[in-house]
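One line per chain: the protein sequences are A and B, in this order.
Counted from 1, the first sequence has number 1020 at position 37 by the working numbering; the numbering is strictly sequential.
Counted from 1, the second sequence has number 95 at position 80 by the working numbering; the numbering is strictly sequential.
Hints were generated in silico from the structure; no laboratory data involved.
None of these values were measured; they are calculated from a predicted model.
Glycine included, each C-beta is placed from N, C-alpha and C at the ideal position.
One should not assume that every hint holds.
Claimed, not checked - Below, a sample of chain A positions facing chain B; criterion: calculated Cβ distance under 7 angstroms:
(1) Trp1047
(2) Ala1114
(3) Thr1116
(4) Tyr1117
(5) Gln1120
(6) Phe1147
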Amino acid sequence: MKKLSTTYFLLFTLIIGNDLNAQGNQIQIGSLAPEIALPTPKGDKVMLSSMRGNLVLVDFWATWCAPCVEEQPELKRLYSKYNHANDAGKNLEILGVSLDNKKEAWEKTIKKFNIKWTQVSDLKFWTSPVAKTYDIQALPYNLLVDEKGYIVALNLHGKELESFIDKYLQPK
Amino acid sequence: MLILFSITTQAQTTKEPWTDSQLMPTKELADQINTAGKSQPLIINIGPQAVIKGSADVGPGKEKTNIKALEKMLAKQDKNKEVVIYCGCCPFEKCPNIRPAFNQLKELGFTHAKLLNIPQNIKVDWIDKGYPVND
């Protein structure tokens, strides 16, 4: 009986250990981006995995984060430049994941900037599980996910972001 | 020399409204909350969400209506009561909420006004450390 409990304990430790290990290694270039399944302002649940087949920019932001809001017009410019099927068939999609907690403020800013890409949030501020899963240390934060769901770039902004997208979407 | 003078002047003009001794370490507050029977400070959120266990919610200090609400909340408090405010949205240098709220505490004459020292944000400096949070 004691032997059996020890075996179960070891098995449990191994599973938990692996799980923690996996979490620690998830957010890096080359890793599969963890699933995001959150509601849009209208309440429809959107999954990151449903956007596969495109280059996806996952933009973590919030209306209370001034630099994040300032970045939205730039993202809008990139979206209108790269959100169309090019010769290689690859396309830029953006998934805006907000760490807001006030729906009204979130919706107001989406409307103000006339943001056309998908926006999701559980309206839980920094307590949102997605902030833990993606090990977010500060906002703004983003990552680029390839057509198969793997992370290809982390936290690029401004010219670096545009140049990465441009190069990535070039027909090969 | 002129450049040095200019830098010094600039540093003086951007002086924060709080002193180093008015910055409360997060561990100190967490220990106070976790110790039953210990006299508790009045903890007030002046950011987007009242994350810290037992804290009252005023809302972002950048909005004048919230500063008024803070004044109203403190109207009947003893001026010697320890009052700890916190935001935690962003690093101090980028936070639009802490300065108006702290200035208000000073203006109201609270002798034990504290700003919770959250250098990065409430996730990294509080939640990730396992400190007590509101359900």
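Verification of the hints:
no. : hint    : result
1   : Trp1047 : holds, 5 angstroms
2   : Ala1114 : holds, 6 angstroms
3   : Thr1116 : violated, 12 angstroms
4   : Tyr1117 : violated, 11 angstroms
5   : Gln1120 : holds, 6 angstroms
6   : Phe1147 : violated, 25 angstroms
Checked against the numbered hints given earlier, the structure breaks hints 3, 4, 6 and satisfies all the rest.
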